[in-house]
Amino acid sequence: MIVAATLSFLLLIVVAYLVAAPFLASSETGEEVAARLTEERGRVLAQVRDLDMEFQTGKLDEDEYRAQRERRLGEVSSIDRAIEETLAEETSLDAEAEGPLADEAYDEATVEAEVSTNGHTQIPDSDEDLERVIEARKHTLEAHACPECGTAIDHDDVFCRKCGADLAAARPSRGA
Amino acid sequence: MGSLGRFALLLALIASGYAVVMGVVGARGRREDVVRSAEGGIKGAMVALTGAAFALIWALLTKDFSLEYVASYTSKSLSVFYTVGAFWAGQAGSLLLWAWTLSMSAALVIRHNRYRNRDLMPWVTVVLGVTIFFFTFLVLFHASPFTELSFTPADGSGLNPLLQNYGQWIHPVTLYLGFVGFTIPFAFAIAALITGRLGDRWIRSVRKWTLWSWILLTAGILFGARWAYVELGWGGYWAWDPVENASLLPWLVATAYLHSAVVQEKRGLMKVWNVGLVAATFSLSVFGTFLTRSGVISSVHAFAESTMGPLLIGFTLLSVAVTIGLVVWRLPLLRASGRFGAVVSRESSFLLTNLILVAMTAVVLWGTIYPLVMQAARGIKAQVGPPFFQALMVPLAIALMITVGVCPLLAWRHQRADHLRRYFTIPLSAGAVTAGVTILLTGFSHIGVVVILALGAFVMATVVEEVWRGYRARRTLHGEGRFRAVRNLFGLTPRRYGGPLVHAGMVLLVIGIALNVAYKQETKGVLAIGQTAKIGGYTVLLESLTPEQEPSHFQVVGVFRVTDAEGKDLGTIRAEQAFYDNDQQVTEVGMRSTPAADLYIVLNGYDMSAGIANVDMFIEPAVFWLWLGMAIVLMGGVIAAWPRRANMMARDPETERALDELVLAPGGGPGEEVAP
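Quick note, the sequences are listed as chains L and U, same order. So for the first sequence, this note's numbering puts the first residue at 4; every next one is plus one. So for the second sequence, this note's numbering puts the first residue at 2; every next one is plus one.
It is worth saying that the hints were derived from the structure and are not from the lab. Computed from a prediction, not measured in an experiment: that's the story for all the values here. Hints should not be assumed to be uniformly reliable.
What the hints assert, rightly or not - Covered by chain U, per the in silico footprint, the following chain L stretches (three or more residues, Cβ under 8 Å):
hint, stretch
1, 22 to 28
2, 36 to 48
3, 52 to 60
Heads up, the beta-carbon is just placed ideally off N, CA and C, and yes, glycines get one too.
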């Protein structure tokens, strides 16, 4: 009886702790975010590999292959950018939820724009080249951030939603 | 320990209820800390249910007969292995197992998504919380394993001897894990609908969950079939029993989903369909529980009638209604973002596969509930037997085999005619040759077998071709050696090449079933000691009948000597019939297995004084291939679902380079160069 009562009490304590802890705990550290993003990066790269195989065995036509590959590479560069940002400063979870990853910045329209401008780009033939492509995508993405505060912006925004900076003035030429 | 169990269940109920409320509050107020606390509620429910499970295991191991459940399913003489296995031998325990495994999956998925899918997680938590709450509620108020008896009996009634088989540790557990696992994709689907994030992210996030649940459900069903075959002694493995059907229903829908999810991932199509299939899989899992536990059907599997029927059917209907409501609300967002390709394209054949699987589901569902409907509507006791299912399922299975062969070879969007001809020449020839040879050997007496074998050869050839094309691509485009190419094919693109293995296994399984049904032989009769009977080229001699007294039961052992057609001695087979104290009677099948056929002997009755035995003998052709197919299916599934090491790779350049063949080799082009 005493054993059962003790164990019951212990269960109660553990459950209470699990429920209460989130109100007391600090949020994710920068390194944790980066580790997670790196894992995510590997996952997307694996999908690129899957696509390559699909194309090579004749399951995908070239346009489709390019479009999908571009989109995945775009995801990788968003992730890279997020990793850099996180390591640069300890981001809070809220800010990150609005960041380039969660906000699915790479929607269909962006991809189409990318593909049309890059439609004739050579498919990179080495890991270094692939990394360069990813790096280039990242710069494009950075062009989609407010130059003042770094918040993600839509390409047709006139003012930054967060700090109100005049984006029209600072906007680089399109199609970079 | 009964009090600990009851307290833990109550705690789990409160914690999961808290998770539901706080999940909604956190989602609406966008309060991350509140959402995390809701997730803490789910973890708390998991801890509490683990406590309850521990309490039950403890009570079982200490043979605490003051608990009704322990007294009903164990006895002093029961071994530890089966004593723990008695956990899920009854209604209350198996519902606790359900709630417990669900809470563990839920806690795992929360841990896995602690930093990702944060926009979906509040609602995922809510759906998981509701489901855990519901099942904990059932355990606590309708079927508690912690109910105390008014007196403590000296010994328990013991475990049903049929359940005293290693299968008791595999079949129910894998099946429950499979059922329970489908709650996770359902929770994500609902969360995606509520948040309006209906891209392919939710599908990608639950891909592994779905795959593992499918594997476990497949394993559960097939191990159940094997258990029935070796233990029940009626010479079969599947009887279209309502509860067997109850497990097949979510399996069929989940199989359809695994395929249509790929279409959404690759082409942005079939979004409503996918949400529908995920919801249907979940609802059918709960519906299966309803069939098993409400007492509305009679079956080997059914538990006694209970009060929870209306609750279970209500929960099933609720999940369906919520899904339909959300889908209607979100229809504008569920428009396809891509377009369907040509009639002959990968996506179209995926759609066809889906339609066939859904048609199969409809057949099985109707056959299963028809007796219930008739009983309710007209008060007639109707029976739907195997002929109904076979008549409808065989043509559908044949159609499915055709798509299994054709679909993987097609390209997305549109298929070039010249490729089509090249890819299908070998498989079609293989099918035609097999058909010809089979007709030469057996004539037209079993035309179904000819069709299945020809299709089997066709599918096998496509599988081999598919793997061969991948292998060639790796060899020529990446310059890999033979061994490395094979390893990378399955290691780096496991999803693509695990699938064909599953298909190959399925084909073997279907061939095994077709041959078994077509060429099964059976003789039943009385044999005296020293007398022989002939079946399928074997001569079977009843050598002896021996009574044996074991601690838990009395048994009679029949020893049969088998000789083949040429008179060669093949050794003996032991078949047993056992009688337990609680009047349970169990037969232990005697078997001699070869890849061609099993000789299957059942001792059905005896008269010791006269030295005669009532013996059923079966020739069970090709059952070996069924089990081999099962092993290959599971292996292919595990290859496809196995966590990839590459995912964990750090991103230093060295490691990146080691992720070999990320990009096309110079001059790499589309399929033409590599096709055989």
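(request) Hint by hint, work out which the structure violates, then give me just those numbers in ascending order. (result) none
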